[in-house]
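Mind docking chain B on chain E? Use the hints.
These protein sequences, in sequence, are chains E and B. Numbering-wise (the working numbering), the first sequence opens with residue 665 and increments by one. Numbering-wise (the working numbering), the second sequence opens with residue 236 and increments by one.
Mixed in with the good hints there might be a few duds.
[What the hints assert, rightly or not] Some residues of chain B that are not near chain E, with every Cβ distance over 10 angstroms (derived): (1) V269; (2) L419; (3) W431.
[Claimed, not checked] Calculated lysine to aspartate or glutamate pairs in the EDC-like style (CA-CA distance at most 20 angstroms, straight line): (4) K377/B to E876/E; (5) K692/E to D417/B; (6) K377/B to D881/E; (7) K350/B to D417/B; (8) K741/E to E833/E.
To be clear, the hints were calculated from the coordinates, so they are not data collected in a lab. We treat Cβ as the ideally placed atom computed from N, Cα and C, and that holds for glycine.
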Amino acid sequence: MRPGTPVGRRVFLGMAGLGAVGILTGAKVQSALGRVLQPVTSASGGLSALIPGSDTFRIYTVTDGFPSVTDDAYRLKVGGMVNQSLDLTLADLKAMPRTTLVRDFQCVTGWRVPNVRWEGVLLSHLLEAAGVAPGASALVFDSFDGVYTESLTLSQARRPDVMVAYGFEGGPVSTAHGGPVRLYVAPMYGYKSAKWLGAINLVGGVEPGYWEQQGYDVDAWIGASNGRHDAPVS
Amino acid sequence: MTLPSAEPANSADLERFDLVERGLHWVNAGLFGVVMLTAVPLYIGSLAGIFGRRHLLVEIHVWAGVALPVPLLLALAGPWGRNLRDDLSRFNRWTKDDFDWLFSSARRLQARVGKFNAGQKLNAAFIGGSIVVMLATGSIMKWFSPFPNSWRTGATFVHDLLATAIFVVVAGHIAFALTHVDALRSSITGRVSRTWARRYAPAWLEEMERAEVLGTQRGVSTPRGSLAGSQSRSASADLKANRSVIPPT
Numbered sequence: 665m666r667p668g669t670p671v672g673r674r675v676f677l678g679m680a681g682l683g684a685v686g687i688l689t690g691a692k693v694q695s696a697l698g699r700v701l702q703p704v705t706s707a708s709g710g711l712s713a714l715i716p717g718s719d720t721f722r723i724y725t726v727t728d729g730f731p732s733v734t735d736d737a738y739r740l741k742v743g744g745m746v747n748q749s750l751d752l753t754l755a756d757l758k759a760m761p762r763t764t765l766v767r768d769f770q771c772v773t774g775w776r777v778p779n780v781r782w783e784g785v786l787l788s789h790l791l792e793a794a795g796v797a798p799g800a801s802a803l804v805f806d807s808f809d810g811v812y813t814e815s816l817t818l819s820q821a822r823r824p825d826v827m828v829a830y831g832f833e834g835g836p837v838s839t840a841h842g843g844p845v846r847l848y849v850a851p852m853y854g855y856k857s858a859k860w861l862g863a864i865n866l867v868g869g870v871e872p873g874y875w876e877q878q879g880y881d882v883d884a885w886i887g888a889s890n891g892r893h894d895a896p897v898s
Numbered sequence: 236m237t238l239p240s241a242e243p244a245n246s247a248d249l250e251r252f253d254l255v256e257r258g259l260h261w262v263n264a265g266l267f268g269v270v271m272l273t274a275v276p277l278y279i280g281s282l283a284g285i286f287g288r289r290h291l292l293v294e295i296h297v298w299a300g301v302a303l304p305v306p307l308l309l310a311l312a313g314p315w316g317r318n319l320r321d322d323l324s325r326f327n328r329w330t331k332d333d334f335d336w337l338f339s340s341a342r343r344l345q346a347r348v349g350k351f352n353a354g355q356k357l358n359a360a361f362i363g364g365s366i367v368v369m370l371a372t373g374s375i376m377k378w379f380s381p382f383p384n385s386w387r388t389g390a391t392f393v394h395d396l397l398a399t400a401i402f403v404v405v406a407g408h409i410a411f412a413l414t415h416v417d418a419l420r421s422s423i424t425g426r427v428s429r430t431w432a433r434r435y436a437p438a439w440l441e442e443m444e445r446a447e448v449l450g451t452q453r454g455v456s457t458p459r460g461s462l463a464g465s466q467s468r469s470a471s472a473d474l475k476a477n478r479s480v481i482p483p484t
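Bound conformation, chain E alone (with noise of 0.2 angstroms):
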């Protein structure tokens, strides 16, 4: 046995048991972290970013890269059970009342991104401008990535902090956030906020979505569903 002390072992070990506790408390050293942090990213904008573990947003995509479409090519279809289908164009979504939410985004993963502003269309006013059709009771969200969809209840689609999302941060929405056009549903997990919205469709009951295939809750209340208990943000 060589001598000296075995620094490298306590090192090693040291390490492998911070990280099993930093697994199990993590979570919530992380929004601690956040509310201590939160005046200070707020007050310097991009500061955030930089701090390591703390909340920005993630870009997540469920196909190869992002879709991408021009605004001028873009197209939002409202079908299904309705009384007369909609083929919108972003212009016609942007000549309709703007409803602004600023909102924390929160993710079911667990980063929660503060007071972001969202600009857009609520979804209660295309539903009232398509018609719903007697015995529609749900909704159907398709991504124009080809892959990925949501759905609601249409009692959560009239909810005033859903909205068909054009802005964001007082920009447009870019690509990498979903854009030109996404939905947004503030109550809930971020995965029911479908990026790059191509069509809605009403339907006669509820069709769980990309990730609800996968053992997400359909009903993704944020701080009421997936075994999470954040702090709800409307």
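Leaving out everything else, chain B in the frame of chain E:
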């Protein structure tokens, strides 16, 4: 008639790393490179927009990460890993000189550093610990369904923090390599000069030269100009066996 001199005349380079160790180092470095490069756009949203293909990046990142410990374990497993195991034990054990070297700039000058200094020992332990923690947290992030959701958040938190530390440490490792070209060269050729060893690893040089003297005395041939690793090792093993006979200086 010649007597073994106190300072052996042998001026051949010393073997610092054998082929297995060098191969492991560069395979490891390559995998770390893949994991770290793919991590950048996964972490930094604005870059994600440029690279796209997140799904593909995640797959590359995850499988390179899962592969990371494999070369290390393979290199350690067989008889070919003798020198590696010997070096791991050097990394592990800290003498008073190591603490002096790390914590006191005054005593650092007098510290009798062995084959690795305390910084290199810390780096090795950190990288070893990092592989285990990143593999565990990354696995929870990727295959989350059996775990409570708070573990997933905690694992993401740990993975983020440690990733940042790894970027700093690896940047430091590369910076030290680029400013210490002889040491960098030894990660490729395996060899260092005795002049280098006298300056950076005096206790190791002494150990190697004692082993050479011992080898000569016992009639083990150590051909000049090529102090091959296996021979220096066997001489080194002899030295260990004879520790009671040859008092350490």
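| Hint consistency between K741/E and E833/E [alpha-carbon to alpha-carbon, up to 20 angstroms] | Violated, at roughly 25 angstroms.
| field | Exclusion check [L419/B not at the chain E interface, CB over 10 angstroms] | value | The assertion about L419/B holds, with a minimum of 23 angstroms to chain E.
| Hinted pair K350/B and D417/B, Cα distance within 20 angstroms | Holds - the C-alpha atoms of D417/B and K350/B are around 14 angstroms apart, at most 20 angstroms.
| Is W431/B truly not at the interface, in the sense that its beta carbon sits beyond 10 angstroms from all beta carbons of chain E? | holds (22 angstroms)
| query | Straight-line Cα separation of K692/E and D417/B no greater than 20 angstroms? | reply | It is violated: about 47 angstroms lies between the C-alpha atoms, which goes past 20 angstroms.
| request: For the pair we were handed, K377/B and E876/E, check the Cα-Cα distance against 20 angstroms. | output: holds (17 angstroms)
| task | Take a quick look at V269/B and tell me if its Cβ sits farther than 10 angstroms from every Cβ on chain E, holds or violated. | result | holds (18 angstroms)
| Agreement of K377/B and D881/E with the hint, judged by alpha carbon distance not exceeding 20 angstroms | holds (18 angstroms)
Comparing the model with each earlier hint shows violations of hints 5 and 8; every other hint is respected.
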